[in-house]
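**Student:** With the hints as extra help, turn the sequences into a complete structure.
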Amino acid sequence: MMVITLIYYINTKVASQDVYSERAGCSRLHPLHTAYLPLSRGLLDALTKRTSTTMTSRDPDEQCGVPCCRPSVLQRCARIGVFVAFYCPASLCTSAISVYMSSQITTLEKQFGFTSAQSGFLMSCNDIGFLLTTIFVANLARTLHIPRSLFVSTFCFGLSGVFCSLAYFLSPVANTDQPITSNMSSQNTFFNSDDQMCSFANKSSEEGCDPNLAKIGAPTKFTSIAIAIIAVGMTIQGFGKAPRQPFIITYIDDNVPKQKTACFIGVIMAIGIFGPALGFGLGAFFSQTYVTLEDVQMTVRDPRWIGAWWLGFIFFGLLAMVVSIPLMCFPKRMPGSKRKAPPKSKGDKSITSNVKHGFKELVKKLVRILKNARFTLNLAAVCLVLFLVGGFLAFTPKYLETQFFIPAWYANILLGGIVVVSTCLGTFVGGFLTSYKKLHPYTCIKLVGFVNLLSILSHGLGFVLGCDNPQIVGLGNTMLNSTCSSNCNCDSTEYLPVCGSDNRNYLTPCHAGCIDSVMGPEGLMYTNCTCVVGGGSAVPGLCETDCAMLWPFLMVALFSSLFGALCIVPGIMFSVRCVSDEDKSLAVGVSSFMQTTCGWMAGPVVSGKIIDTCCKLWSSGCYGKGACALYDIEDFRFKKYLVEISAKCVVVFLYGACIWVSRNRTDWSIDDDKDKEEKDGLPEKENLMNKSNETKLQFDIGTPIVKVKKPLV
1 MMVITLIYYI NTKVASQDVY SERAGCSRLH PLHTAYLPLS RGLLDALTKR
51 TSTTMTSRDP DEQCGVPCCR PSVLQRCARI GVFVAFYCPA SLCTSAISVY
101 MSSQITTLEK QFGFTSAQSG FLMSCNDIGF LLTTIFVANL ARTLHIPRSL
151 FVSTFCFGLS GVFCSLAYFL SPVANTDQPI TSNMSSQNTF FNSDDQMCSF
201 ANKSSEEGCD PNLAKIGAPT KFTSIAIAII AVGMTIQGFG KAPRQPFIIT
251 YIDDNVPKQK TACFIGVIMA IGIFGPALGF GLGAFFSQTY VTLEDVQMTV
301 RDPRWIGAWW LGFIFFGLLA MVVSIPLMCF PKRMPGSKRK APPKSKGDKS
351 ITSNVKHGFK ELVKKLVRIL KNARFTLNLA AVCLVLFLVG GFLAFTPKYL
401 ETQFFIPAWY ANILLGGIVV VSTCLGTFVG GFLTSYKKLH PYTCIKLVGF
451 VNLLSILSHG LGFVLGCDNP QIVGLGNTML NSTCSSNCNC DSTEYLPVCG
501 SDNRNYLTPC HAGCIDSVMG PEGLMYTNCT CVVGGGSAVP GLCETDCAML
551 WPFLMVALFS SLFGALCIVP GIMFSVRCVS DEDKSLAVGV SSFMQTTCGW
601 MAGPVVSGKI IDTCCKLWSS GCYGKGACAL YDIEDFRFKK YLVEISAKCV
651 VVFLYGACIW VSRNRTDWSI DDDKDKEEKD GLPEKENLMN KSNETKLQFD
701 IGTPIVKVKK PLV
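The sequence shown begins at 1 in full-length UniProt numbering and counts up by one.
Honestly, the hints are just simulated from the structure, not real lab data.
30 Å max Cα-Cα, derived BS3-like pairs, lysine-lysine: (1) K258 x K438; (2) K221 x K616; (3) K371 x K260; (4) K437 x K260; (5) K446 x K258; (6) K221 x K625; (7) K446 x K371; (8) K365 x K260; (9) K371 x K360; (10) K625 x K609; (11) K438 x K371; (12) K616 x K639; (13) K639 x K609; (14) K258 x K364; (15) K625 x K639.
Given the structure is predicted, the values throughout are model-derived calculations rather than measurements.
**Tutor:** Structure below.
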């Protein structure tokens with residue numbers, strides 16, 4: 001309710017100041033400016049292609065600026081194109097913040113010991129805040145000052161990013177056991193690799209549960225604090241997300257001809273889709289910087305590496321706050337908008353009666369919307385699609401890291417490239433087809449259904465586009481030549497994989513029989529490893545695999561994302577055209593509410609629990625089980641695509657039903673502005689002729705002659 005209260009306060013407070021400033025004459029031009037008014041007005045009209053009456057509008061709802069500060073030079077910005085240009089950076093930042101969390105999942109799990117289910121819960125907190133406000137905010141879209149509300153929304157996104165970064169500053173970061181930096185002031189220390197090497201001394205159980213000897217991925221006493229901080233930050237982000245979609249769609253649709261709505265929405269979404277690419281790209285950059293910003297003698301392939309995840313939250317948070325400021329200066333409605341000012345209240349009704357009336361109207365609208373079979377079938381299909389997007393795709397960076405044995409930064413770079421090429425291109429093409437080809441809403445839903453049918457094939461290929469489980473000496477029954485490390489007292493519950501010079505993977509340096517370690521120019525190296533052929537050496541991390549499935553997988557993922565993005569604009573246009581104009585903003589709000597509940601919120605939680613069932617080895621410590629240290633990647637791949645294909649089949653069925661019930665409908669909310677303009681441009685006599693039901697007019701272009709097939713009675 002915090003965002004609702006803040007939006008309401010800003011709108012009402014500023015509205016009252018508008019009235020006061022209008023009475024006080026604050027918006028009048030300075031006397032010096034009046035001398036140049038004719039010249040400047042003519043030049044301005046030439047630049048903006050608007051009439052002078054628009055430029056001199058005295059209605060504060062149609063003027064750019066803030067109360068008592070509405071300079072004439074600023075009024076040239078009162079155009080929907082300028083608004084879109086300033087909103088696109090805000091959309092870019094908010095989209096980047098939304099996906100940045102996904103790019104840092106494995107990093108957060110390493111530092112705080114989160115399970116995949118807990119990570120999914122944290123991402124769902126974004127949608128919990130969204131659900132608390134979306135219906136109420138969407139119903140107020142027609143009465144609130146939308147640009148100023150979008151300013152509050154974007155500012156909340158920025159605040160959420162800064163708040164999430166507090167988890168780093170309030171929770172001490174554990175250092176590794178090695179003298180990798182000159183500063184070792186941290187209270188906790190990650191597992192001592194000397195303990196992970198071959199030792200002939202018996203290790204007591206007390207040493208295994210030392211609170212000051214934290215393992216990578218194991219929970220600590222600060223884990224619950226980190227969960228609380230990030231959960232609050234993501235909830236604030238959800239508060240800010242609620243007004244975005246219903247408000248921007250309503251504002252654009254009210255200020256442009258309906259046939260151009262899809263074009264502007266497509267531009268905003270195409271630019272906004274660069275946000276995930278930016279989030280993944282900077283996520284890759286920050287993943288290559290150590291969490292403490294110190295110079296460490298480890299490589300990013302070292303299992304103990306933790307990236308500077310908190311830098312991204314601060315960067316995107318502050319940037320979102322800055323780009324939100326211009327939004328508050330745009331008018332409530334554009335000059336010449338088809339949206340009319342709401343009638344003023346006569347004040348003869350009490351607040352209680354107004355609230356009751358408003359609630360009754362809300363219920364009536366909800367019932368009317370949900371009884372619309374076209375709307376509900378389309379909404380059910382979209383919810384299921386977003387369940388997959390918000391679920392497994394939220395863990396796609398983790399899937400790439402575990403499935404193809406690549407570091408976090410590389411996975412984020414690859415995903416960023418896929419997002420830029422596929423989703424941006426797909427959204428633009430979808431908007432182009434819908435707008436310039438003037439697709440009928442029925443054609444839009446047929447296009448969406450056909451594209452989803454094609455996408456089943458790409459998901460089916462995912463079953464075979466993956467790698468095999470790595471063979472790790474010391475895990476399960478893969479212990480080879482166990483006599484070489486039988487006296488080393490190795491702990492098979494620990495996970496610090498090393499790659500031997502014999503190109504074999506070992507669970508820990510102990511299982512490789514390593515006795516010594518040295519710090520070389522490329523990081524730590526274990527030496528005198530008795531289990532490695534020839535008593536060789538070993539380095540931290542798994543050996544590089546010869547699996548060549550990464551790039552085929554990326555190509556299939558590219559086309560799959562392209563298909564999904566192609567459906568965005570046609571799907572939105574169908575959903576807003578299958579309901580009446582008076583129900584449009586609430587329908588968008590209901591869609592956002594249901595999509596968030598059944599898709600974005602449920603998807604990460606369910607997917608996280610499914611992913612946890614694929615774990616072969618857990619990181620555990622004094623405070624219980626933490627993050628998964630090693631996954632069964634074949635089981636991971638099978639469960640992922642089994643769920644996706646099953647859901648896609650249901651989606652295609654729902655779209656087929658939606659196409660069936662829409663086939664003979666004629667009550668579409670389609671633009672008739674062009675017909676009105678043609679009718680308004682006719683001479684008075686011809687307008688009278690149009691009113692006759694027995695008369696048809698046929699115009700010859702370039703001649704003023706009107707041929708009447710039937711004479712007027």
